[in-house]
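Based on the hints, put chain D in the right spot on chain F.
Going line by line, the protein sequences match chains F and D. Using the numbering used here, read the first sequence as starting at -14 and increasing by one per residue. Using the numbering used here, read the second sequence as starting at -14 and increasing by one per residue.
Among the clues, some could well be false.
Copies of one chain are not kept apart here, so a pair can be met inside one copy or by any two copies together.
Unchecked claim - Cross-link-like lysine to aspartate or glutamate pairs, in silico, EDC-like; alpha carbons within 16 Å at most:
no. : residue 1 : residue 2
1   : 10        : 74
2   : 10        : 77
3   : 112       : 73
Don't read these hints as lab results, they were simulated from the structure.
2 protein chains.
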Amino acid sequence: MAGYHVPPLERLVDKFESLPGIGHKSAQRIAYHVLNMSREDAAAFAQAITDAKESIHYCSVCCNLTDGDLCPVCRSDNRDRSIICVVEDPRDVFALERTNEIQATYHVLHGAISPLSGVGPDQLRIKELLKRVQDATVQEVIMATNPTVEGEATAMYISRLLKPLGIRVTRLAYGIPVGGDLEYADEVTLSRAIEGRQEL
Amino acid sequence: MAGYHVPPLERLVDKFESLPGIGHKSAQRIAYHVLNMSREDAAAFAQAITDAKESIHYCSVCCNLTDGDLCPVCRSDNRDRSIICVVEDPRDVFALERTNEIQATYHVLHGAISPLSGVGPDQLRIKELLKRVQDATVQEVIMATNPTVEGEATAMYISRLLKPLGIRVTRLAYGIPVGGDLEYADEVTLSRAIEGRQEL
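Looking at chain F on its own, in the form it has when it is part of the complex (with noise of 0.2 Å):
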């Protein structure tokens, strides 16, 4: 641009385009509408980031997200302690908090075995979740990992680690999704409902 900078509004649009899903296009707008804000919403907005970065680490038991010791399901008095649900992402518990089905508590992985991007079980939390299943209460643990080849490459690896310690490992069961339509499926996921099919 012919001569064109003002440096801390180039700094401020880079800033947004790092992040995932937004490109310079985007990052510009941003950055105007946050040229735009008053003084103490920016001043708000740029707090908001720092607060969350310092008082945000991973749960003592399960490496989910929060704010306090416990994350708010590790520290209820109302969940099922013998079931571990074992996740990717703390996005997934959100997910699956969202259908109420789960009494279970958590343990977030923070990741999937992925040789290809230089992740092995090392850098996910394993060797947690291994501790927490020689507590004696633990009978199942349900592997809700994604089911992309990294996903079910993890729920191998972890499935293989804890059947000869005697616990329970499930998967989430694979299939059409509901409100889908079957012309749209794709050949696998077609395959594994057949071959899930139940009985009516």
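Then chain D, alone, in the frame of chain F:
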């Protein structure tokens, strides 16, 4: 979400969700991204917001964004001060600067007249423009407001104020966009392109 609340995280998600073009899912994704930043990067991000907000204001001549008293264009010695290019938004200046076609200076209105959104001429930087054209060096004003109803109305309104002062007021040409497909051009654009046809 049954019992699952992490207030600093929710506040951060809310802040991102309030930005233009970011929905709840993206806001969550971005918030997790911020939590995964190093402490220094998160602090630098928060700082970029505060810095931009504190140091950027309107150029005292053309009302474009700048961190100095004058913007880089108004500061430059190589600009033709006899022509002022009037735009709605600072982003339009960036777009026009990329063409390298404008040797003129700019004037940023910070909006367009829009009775439906309650934006009248008084909310725009029109007074500042009128003050600038009192200087005898100004000979032409190019109306480069958007090709929308609001942009058009604003261009008409300002041209009626300027013409009695003996200033030449021009408007960007309408026509088919370069690289576009005639088939997909709307009728209004096509009519304007025919009206404005030029000798080859």
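Do the hints match the structure? See the list:
no., hint, in the structure
1, 10 / 74, "between (29 Å within a copy, 14 Å between copies)"
2, 10 / 77, "between (30 Å within a copy, 12 Å between copies)"
3, 112 / 73, "within (14 Å within a copy, 58 Å between copies)"
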